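Asks: In order, the protein sequences belong to chains A and B. Position one of the first sequence corresponds to residue 1 (this note's numbering), numbered consecutively onward. Position one of the second sequence corresponds to residue 1 (this note's numbering), numbered consecutively onward.
Treat the hints as calculated values from the structure; they're not laboratory data. Do not rely on the hints blindly, as some may be mistaken.
[What the hints assert, rightly or not] Derived contacts from chain A toward chain B, CB cut-off under 10 angstroms, selection only: (1) L51; (2) M92; (3) P203; (4) S227; (5) G237; (6) F254.
On a predicted model such as this, the values are computed, not experimentally measured, just so you know. Positions of the beta carbon are idealized from the N, C-alpha and C atoms, including for glycine.
Below are the chains, spelled out letter by letter.
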Amino acid sequence: MAGILTPQVLRRLEQFQLIAARRAKSSAKGERKSRARGQSVEFADYRNYVLGDDLRYLDWNLYGRLDRLFLKLYEEERELPVRIFLDASESMLFGSPSKFDFARQVAAAIGYVALCGFDRVSLHIFPELQATSDAEMLNFSQQMAIRGALRSVRGKKSSLQYFANLTALKAGGAADFNASLKRGVLESRQAGVAVVLSDFLDPAGYEPGLLALVGRGFQVNAIQILSPEEINPGTFGDLRLVDSESGAVQEVTFGKYRLAAYQQAVANYVQRLREFCKARGVHFFSVNSGESIEDLLLRQLRTAEMWG
Amino acid sequence: MNFLTPLAFWFALTLPAVVVFYLLKRKRVTRVVASTLLWQRFLAETQASAPLQRLRHNWLLLLQLLMLLLLVLALARPYFSGKSSDGKLQVVVLDASASMQSTDESPSRFEKARKEAIALVNALATGKGGQMVVLVAGANAEVRQSATSEKAALRRALEGARVTDSSTRLAEALRVAETLIRDRPDAEIHLFSDGAIPELAEFETREMRLIYHKVGKGGRNAGIIAFDVKPNPEDPSKRALFISVANHQPQSIDARVEIAFEGQLVETKTITLAPTNTTPAVFIASQARDGVFTAKLITEDDLKADDQASVVSLMPQPIRVLLVTRGNRFLEKALAAAGPNVELSTAADHSAADAGRHELVVLDDVVPSEWPKGNLLAINVAPTNWFEPPVGGIEAPPIVNWKNTHPLLRFVTFDNIQVAKALQVKSPGWGVSLVDAPQSPLVVAGEMGRQRVIWIGFDTLESTWPLRISFPIFVANAVDWLNPATAKAEQFLIKAGDAFRLPLASPVTEAVVTVPDGSVQKVPVGVESTEFVWGDTGRQGVYRVQLGTNQVAFSANLLDAAESNIRPRETLDLGRFTQVKATTERDANLEWWRWFALAGLGVMLGEWWWFHRRTA
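Chain B with its partners taken away, still in its complex shape (with noise of 0.2 angstroms):
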């Protein structure tokens, strides 16, 4: 047996009052009188003749009308149609992402936003076939409840609902949402959100009824939106933490900033942020072992979520490169001052033996007899089974562009640099072109099952790079990207929503997940399977798995600039020149009888106490 509104069961509450009131009911008392004449004349006098004159002090009587007119009131169902939603079909999208936290709205936004929700599924014309469907936007877009026009179910959904701690998804759940109305002229979506969505760009030519319900007023936050730890340059016993705090505050704030390792406190100090920017901090700090640094920002503002963040922090490992050449001075200089761990060997050949020795292997113009399995440096080779053929070349290839967002091409510029001969290949699919000339990329990043591959077009000798600034810089960062360790590294740092994957060496049937808010979890996991995976990562915060005897620990962060900036968007901008404005109508055929009902009990128990009073 189900209850469409189990919430009336509240009204049993009144139960024991009604039994309360029969309690202080008083009987009639009877007596004997000489006479009740003298009563009767009273009773005649004071229930005078005139049939308007009766009502006149009898509050009693008026207040049974105000009762019986609220119960009918109630009985009627009444409902107000302010804007009433036409659509049959209503997708409800629920913003869960971390902006949703803040708590200038109250209790938070998330509430809020699901208050409303649970309101425009109050006001669902059932009875004219309207049906509904809640998607939830947190770390992925989740149809909590597929279309439907049970409102208990809809409520459920909504209440099911949890926000959590990752950055901003809409996009995903638009498109779902978007396939769900298409050719569906009568339906729509409705979107419950702070607006704080980068880009929506692809909806813009979408024909896309979309009715968004602006949440939040506020836009008091800082938060870290960046949080790293590098071996110290200076110092490579200690490691560096580079920490970046925005301010979104029209106003300039002083904040706490703490670290702390493995829960220790390490070093705390108080940053300037200036209004509406960014404010990197640089804090050394010494690490015996493998261990998680967390920073915390203690400042007052509306979202706590973007106050902390946690990083994975493993000692550095040596890096054993091998480079293959028949001498190339320049790249021998620059992988050698790469980095303080790096090992460099040089040889002639890649050969079977070499195999699993080195964690990186640099080809310069060199075609091996074995090709390596670990991560590569190709410069100016061309494996058949890397590119499409024909593989040809090009003289003089002028450099075009170059994606200097990359990290890759962190603080490289190929401005004045000059190639003599380059390959021509076509843009490969496992990788991304970062520097192109016009008839071809020159230089090529990306991942081959577990290998990563930086594929220069061009032999580096035949060119001005070398003697450019650019030339080791890029080495640098090609060491630093190519090294397992900084992927190993990367891996146990994910955004909030991210899945965790973690290849397994060994095969192990249990997983013990401890997430941060201590709770402990256990996962079967298959005997076959090479690889675990949790997505569970809604919250942030530091997550520990055993897996078997080995333990590992990542942490998920939101460290995002655009979910820190919690100012509510008046306007949702779908690429250039759509937009859609916030809407303050309220969604209506809201059903009023409980107030109705509830106001005729109180009119009742009123009625109740006056009747006692005047016979006290």
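If we strip away everything but chain A, and leave its shape as in the complex, we get (with noise of 0.2 angstroms):
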């Protein structure tokens, strides 16, 4: 877990859980509260005993009172499913820190949090890997099982495990925003909290993407990430830009002049991703690789209700 995240902040999140705003539906036990009846110390209801049931659980003092049998249901606990769809495509390599490196300590954040409740956390990294040459088979298998052994995780005891795959986890290749999240949802047996952590940078748009986790019974949680220079660019005069995914150019006369429209074109793009995901319910989070985490993670996430 060496620098992933600092020990004061992981401290802090200790005391923190996700606030699931639905209950569990995972078949696993786990802490949450759910619809499932089953064992626990929590008293839910109380049912006719029918043949078959265990007695273990019938109420002899009314069985006392009124000479039936009542049998006493208790809520079961079941875990909270937290699925984290991370970003690792080539664009998230910038920045400085990276953009990259900054959704990492998010996810692992986030991983640790939920570790912490005794909650599953599943993380998607997208695009899929692909390998591109014999050189890189090593490398290529060597971070398709730090991938497989992040598709699930559960336990604190995990958590340190979980910090050093993310810590050796690569970016790179293109990313398809919106089938990654689809996939992601078919992936899912059951709905929980899914978090995002990209720069929702896709020229295809983000919007079918966020709509299936939305459709899927997901408590979203989106949390967009922009690096200084995007925000911000320091570079003028007579540019010809090429974008690291697809390769495509894109000339640009800029001047000090145009900094403000810039800016209030990242705004314009910013703001409408916030209203999108207001209007689904989608907690939506714009942060800059340049700044601090703690804000985020102690300050943002708390106020928003991620986590409590």
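Hey, can you piece these two chains together into the complex? The hints should help.
Replies: Structure representation (structure tokens):
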């Protein structure tokens, strides 16, 4: 876990618990309230005894009073599946500190909080890995192993391994944001909390992917990470901009006098995204990878009641 | 290969500018960014949707449009047709007289006139068969360019014209111009002048389409209009210098006059010049050898050409006068008193033995056996080859007219003079009649070959003339006029622009002329020629001529009161009844494409600068 999050932050995070707006629907036992009845200390209801019920759950006091057999029902506590969609495309490598580093820190923090709360964390990393040469094969298989390990993590003691895997993760390639999110939706058996960590700068848009998550019943948290260079570019003049993922070329003549117009354009983009999310009950956060992560973790997410 | 507008090559100077801008031009810097999505949004937003919105703030586009517009305008070759001259043939007469050197226009009237004339050339509608002639009226009328529609040649002709120090001789030029446009109803004369033209009466009745372009605005000038050197009547060893300074300004001014002999300052004097008046001044100077007196007027005015005059002064020589008479005490006394250098001898006849020994022979009612070859004052003799026969006689002819402007009649009046008997002759071709009776001229002065002759058609003793004061004055004038030294001195004092003529005693092959600006010109002289002629006297000052071993100096001067009055005339008087008003209208068909092209270039450079400034 070296370096990905400071011990101070981790200590603070341990106090938090993910707040799930809905009851957990997971089939696995956990510490979350669920609609399922089962074994716990939390009384839920009575029902009539039917043949074959476990006699241990009969309410003998009632039987003594009413001479009728009632079965005491308890709330079953289930786990909360937390799905983190981590954008590991080429574009996330930009910025200083890079957006990907920032994103992994957020993923580590959310995962840590979830693991502390005995929730299942599954990390969906997109795009899919693709080996481009034999020399990368070793690297490739190693990355595949890491990704596989991150697919399902449970228990606080797994957090160290979780952090190590996150640290060893490498980004690259071109992402298809919508397709990746849709596949994640299909793969998940139960809805839960979904956290999308991306820059949301996909030429194809972000709407279908987010809609798929919302439609599946996920409680979606979208965290947009932009690099300082994207918010406040420092390069002026006649530029020939090459897209890191698509390779598309955009010629721009940029001067200081147009900086405000550019920043307005970025703000407009973020605002549109924010409004889209708000209309669909999605928590939306836009952060600058150059800024402190603690503000996001300890204040913004808390204020938005993602955890508490 | 020729170019119509060689000036256009100045545009080549913009080539380095383009190179500089090319060097300044920055290449696009390639940068890999995370995503171009935000940039696309940015571009899409700034280049807003509405078409007119798109034009807003786009100064580059506006500048480019402006530049293109200007270039298109330039290619359309626009011209302004204010008062377009329809004349198919235009005769440009450029006044190159001394007054055109006035600096009241910047840099001078002549340069301004030349500029206006070139503008007229540029406006020439060559497409419609327009032609132009360039005449320059300086010391003499010169056809610088015969009729052509070749603008470059016309411009060259005008640019080659030089202003002179001579008087205005426009009449000659107008005469030439008038013959050029005669029987051409579509032709016109454009005169570029300040209008200081004395005599144009001869054009009064001619149908001349004369357009007078007035040049000049001020009249601030004072100038020397007369300069002469005479023996000092009070002290024959010294010379008296008479100088007249005209002030054409409405206020009196103080001017300093400096007299120099051969470049050495002799005397200086400050004189007050009365407004619009001529002020005389006399200087006395001693002279030990032949040389040049120069008078310089030091004052602030617009014309420098008339602030200096020089005169060649030769040492006085004795005049040997032979009086052939049967006895005439009046004449004898008058001749003896005619001048300090007169050496008078009397004889009854002029014989072959006397030939060539006297500068001047006076025949007083005597027909000599041998006619003298020298200058002659002939009284009451009528050789048959002088006058057309018959020569008759008249009784008591009344004197009705005399030319008191002639130097011979200076201070001479014929009032109260009666003549008893006179010869009756017809006016001869060789001289001018100075004194007239109704039937016959009584006094004739003229030149036959190189011989100066004064003829008096009556016996002075048969008139009351010798009793009048005018008689000795006339005799003194006559001796002065007939003195070969006077003629020689006059020969060495010419008006700027006139030809200098010098009889050659012995044949020479080459003359070396030093002109006033110091340059030396060598002129071959034909061995048979008996006279040296130098015509390039447009500049005033002292010319020195080396002819073999013989060195002479002569001076060319302006000395013209009309030319010194540089106030431009609003109208030209052609005689008494015809006037030509100065035109202020702009003569047109001036092409403007150069200016548009220039503006287009300027806009382009500005646009480039703007473009780079906004990306910096």
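Asks: It remains to establish, for every hint, whether it holds in the given structure.
Replies: Hint-by-hint comparison with the structure:
1. L51: violated (64 angstroms)
2. M92: holds (7 angstroms)
3. P203: holds (6 angstroms)
4. S227: Where the cut-off is 10 angstroms and the nearest Cβ of chain B is about 7 angstroms from A/S227, the hint holds.
5. G237: Holds: closest Cβ of chain B sits about 5 angstroms from A/G237, inside 10 angstroms.
6. F254: holds (7 angstroms)
Consistency with the previously given hints fails for number 1 only.
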